[in-house]
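> Please build the complex by placing chain E on the supplied structure of chain A, with the hints as guidance.
Protein sequence lines, in the order shown, are assigned to chains A and E.
Sequence positions in the first sequence follow my numbering and run 1 to 454.
Sequence positions in the second sequence follow my numbering and run 1001 to 1454.
Honestly, the hints are just simulated from the structure, not real lab data.
Here the structure is a predicted model, which means the values were calculated and not measured.
Built from N, CA and C at the ideal position, the CB exists for glycine as well.
There's no promise every hint is true.
[Claimed, not checked] Here are the simulated distance ranges between beta carbons: (1) A/PRO388 to E/GLU1243: 40 to 48 Å; (2) E/ARG1067 to A/LYS228: 28 to 36 Å; (3) E/LYS1198 to A/PRO80: 29 to 37 Å; (4) A/GLU66 to E/LYS1198: 41 to 49 Å; (5) E/THR1076 to A/GLU215: 31 to 39 Å; (6) E/SER1100 to A/ASP335: 16 to 24 Å.
Protein chains: 2
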Amino acid sequence: MQTYDLIIIGSGPGGYAAALAAGKAGLVTALVESGPLGGTCLNWGCIPTKLFLGATEPIAGIRAQERLRLASGSMTVDLPALQRRKDTMVGASRKAIEQSLTRVNVELIRGRARLASPTSIIVNNADNGEETELGFAKLIIATGSSPSFFPGMEPDHQTILDSTDLLDLAEAPESLAIIGAGAIGLEMGQFWERLGTKITLIEGMDRVAPTEDPEISKVITTALKRAKWKISTGKKVASIQAENNKAVVTLEDGTTFEADKALVAVGRKPNTEGLNLEAAAIATQGRGWITTDDCLLAGENIYAIGDVNGRTLLAHAASDQAEYVIRHILEQTSDPYGPGPIPGCIYGSMEAIRTGFTAEELTTQGKTVTISRAMLSANPISQSHGAPAGLVKVVWSQGKVMGISAVGHGVSHLITLCEVVVKEGWTREKAENIVFAHPTLDEALKEALLAQQA
Amino acid sequence: MQTYDLIIIGSGPGGYAAALAAGKAGLVTALVESGPLGGTCLNWGCIPTKLFLGATEPIAGIRAQERLRLASGSMTVDLPALQRRKDTMVGASRKAIEQSLTRVNVELIRGRARLASPTSIIVNNADNGEETELGFAKLIIATGSSPSFFPGMEPDHQTILDSTDLLDLAEAPESLAIIGAGAIGLEMGQFWERLGTKITLIEGMDRVAPTEDPEISKVITTALKRAKWKISTGKKVASIQAENNKAVVTLEDGTTFEADKALVAVGRKPNTEGLNLEAAAIATQGRGWITTDDCLLAGENIYAIGDVNGRTLLAHAASDQAEYVIRHILEQTSDPYGPGPIPGCIYGSMEAIRTGFTAEELTTQGKTVTISRAMLSANPISQSHGAPAGLVKVVWSQGKVMGISAVGHGVSHLITLCEVVVKEGWTREKAENIVFAHPTLDEALKEALLAQQA
Chain A
1 MQTYDLIIIG SGPGGYAAAL AAGKAGLVTA LVESGPLGGT CLNWGCIPTK LFLGATEPIA
61 GIRAQERLRL ASGSMTVDLP ALQRRKDTMV GASRKAIEQS LTRVNVELIR GRARLASPTS
121 IIVNNADNGE ETELGFAKLI IATGSSPSFF PGMEPDHQTI LDSTDLLDLA EAPESLAIIG
181 AGAIGLEMGQ FWERLGTKIT LIEGMDRVAP TEDPEISKVI TTALKRAKWK ISTGKKVASI
241 QAENNKAVVT LEDGTTFEAD KALVAVGRKP NTEGLNLEAA AIATQGRGWI TTDDCLLAGE
301 NIYAIGDVNG RTLLAHAASD QAEYVIRHIL EQTSDPYGPG PIPGCIYGSM EAIRTGFTAE
361 ELTTQGKTVT ISRAMLSANP ISQSHGAPAG LVKVVWSQGK VMGISAVGHG VSHLITLCEV
421 VVKEGWTREK AENIVFAHPT LDEALKEALL AQQA
Chain E
1001 MQTYDLIIIG SGPGGYAAAL AAGKAGLVTA LVESGPLGGT CLNWGCIPTK LFLGATEPIA
1061 GIRAQERLRL ASGSMTVDLP ALQRRKDTMV GASRKAIEQS LTRVNVELIR GRARLASPTS
1121 IIVNNADNGE ETELGFAKLI IATGSSPSFF PGMEPDHQTI LDSTDLLDLA EAPESLAIIG
1181 AGAIGLEMGQ FWERLGTKIT LIEGMDRVAP TEDPEISKVI TTALKRAKWK ISTGKKVASI
1241 QAENNKAVVT LEDGTTFEAD KALVAVGRKP NTEGLNLEAA AIATQGRGWI TTDDCLLAGE
1301 NIYAIGDVNG RTLLAHAASD QAEYVIRHIL EQTSDPYGPG PIPGCIYGSM EAIRTGFTAE
1361 ELTTQGKTVT ISRAMLSANP ISQSHGAPAG LVKVVWSQGK VMGISAVGHG VSHLITLCEV
1421 VVKEGWTREK AENIVFAHPT LDEALKEALL AQQA
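Chain A on its own, in the form it takes in the complex (with noise of 0.2 Å):
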């Protein structure tokens, strides 16, 4: 039996930069994959997504200027050429990490993996169907997430789309119904609406991006229902239909209404089916997150990363993880894991992220909390892309900045300075010991940390 230092399954933003770091690190290392290099964030998640946000951007410009009667005009995407781009440029990404793993010498095994034993998986090979068992030290199991479904609707992929079926859709549907107010509903809902689909948004919790402040929700949804957006909050599907080639969905209190597609975009479970975890006695919880400890040990020298162990389901989070548990492979760390705020953004042309705590989250630790606030209408960046709506919020303990969340016009461009604030808890006086470059977006951040609080 072959035997690694490492393997890794799952070849997403974790397994990818487990594997590019454990081979850089000169560990034997094997990475098997069932699907296409990437995972979702590549393929059919944040990339994908962002390229159609990118492309239609003209769009949402041309019709905010349009707002302030300062200009008029049309952009019309071929939307088949824009698919074509999506797949050329993903395809260009996954050779391109294919290579780096090539250059670092890990081996990629193409195939599905499921676990043997404590020390062994087996690989049933992709092409024919031959299995393998490959012995590790080492394992670390990064196989993502995919859409979830409350039964009465699953997707028919043809009417009734998961998040994967809609970047594939030949032209803009009349109608679109989005069950689901995160980010991946928000963000798939701008682009379609910018190509003319009219959309209604249904979100089960009190209001859309439920995960976030309630002030940034707020105004994204004032932004969403400028822009013709049926709203229905606090309501839940009982069950989506599809009749005559319409998603017919039916809500919790009876009301029903048609739409040429839907989209559920619900929530995520984890990918652990067919793994076989029982062979190395390894646990999960909930939909079937596995359970990691401090050190994101989920067995015995069995790591489980990103998505998979249910801590944060993005990217960045996964490459983090990743990162962290090369280390400690490699005995460079003994730390329990602990990244500080991860960042997260949605996209699109009202923008959102956070970092950090709420101010709900640290009240409900017993923290005494203030609030700092801007808002950005008296900024002149966000004014020249007549965008004045939108606020940055800053959420501090004991003199220390423990969060911040924004919303508004390119919002997304600040997530990385918040991130450095959080995270070193600036004080006041440090801001004012920082020049802020005029003008600029970020002086908004400026303010709103320089804002009284209260």
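Coordinates of chain E only, in the frame set by chain A:
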């Protein structure tokens, strides 16, 4: 004679910031202004140009997607409407400035000031020409700068224009000759190019953006040439004449060409004319820049801040000096003024930023320098905007970041993050410990910080 704790001459970003801080601190303060509140930045500089660039950004966005054959379209700008909006916005900001000064009890005096003695000024009332002498314990001169011209190229304000004239043109000229490839020429040129004007750019130095790193200049040049700018560097202009409503530009090598309008943006000179600096024995240097010591003192109890002292001709540099001077007056600091790196941006479709030192500057100081860089071509956000040209360049000395330059679509959004990295002298390890959200343009900075240094 009425006397004040503090008199400030000029209400631009320096004078205004000083007045606000002084008022808050309870100093009996007067602010003297002969023109519109807000100075060059608000009325004829940073703010109007950002508004013009922001409003026309969709045009550049459409062109970028058209180049990729992903879309087609156009946007027509209502130039008079845009100018009216500029006037409205700028007017509202002037009003906001006035209100915030009133709120902290700063007395606003409209008129032209000149020094009468080392402890008093005379103000010539703007309305009635009356002259009043006012005494001060401390004086801040913050009179800013104005466009300067070489002999033979003075504007006639009809055909041969300065940057202020160019903001108010009633329609886009068919062709525009821009003399000077600094920030003003590049930003203004990009605005008019978007409206259809053919641009010819003449720079006497050997490259566009001559104060930036040569690698940055190269990327800008390529982008402008692709946008059909005619560019001539290393050639000085001998004269510009207005003939039959055309600007006739003659270079020193005898070449001559015609354009509908010419913009002369070759430099700036300090606004010291009529200030009667001799009354307080205040020294100047070069074109008349006021000489200041390490504490920004130009004489006993007389400070000079902002453009007029010639240190850094940027709005935020003036504001930062203002805040220092007020602390110095209040005896909260006796340290010499040491702002650290001052960030700078050039805006437009192809943006450039810089903070800290260039490699050349450090080498001249005898320091050992290494360089690391990342190209934007692989960044998903750059790709999504059809704008893969550009790079982030990091300059290191003794394991610490000493300067960062960047060029490309949207890189102005990196400026404050870069400022923090340079000001704090990040090490490679420090950069490794920050979680960068994915996908962001910020990741290009991460990649540059972690790239091999050479």
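> A separate judgement is required for each hint: does it hold in the structure or not?
Going through the hints against the structure:
no.: 1; hint: A/PRO388 to E/GLU1243: 40 to 48 Å; in the structure: 45 Å, holds
no.: 2; hint: E/ARG1067 to A/LYS228: 28 to 36 Å; in the structure: 31 Å, holds
no.: 3; hint: E/LYS1198 to A/PRO80: 29 to 37 Å; in the structure: 35 Å, holds
no.: 4; hint: A/GLU66 to E/LYS1198: 41 to 49 Å; in the structure: 27 Å, violated
no.: 5; hint: E/THR1076 to A/GLU215: 31 to 39 Å; in the structure: 37 Å, holds
no.: 6; hint: E/SER1100 to A/ASP335: 16 to 24 Å; in the structure: 48 Å, violated
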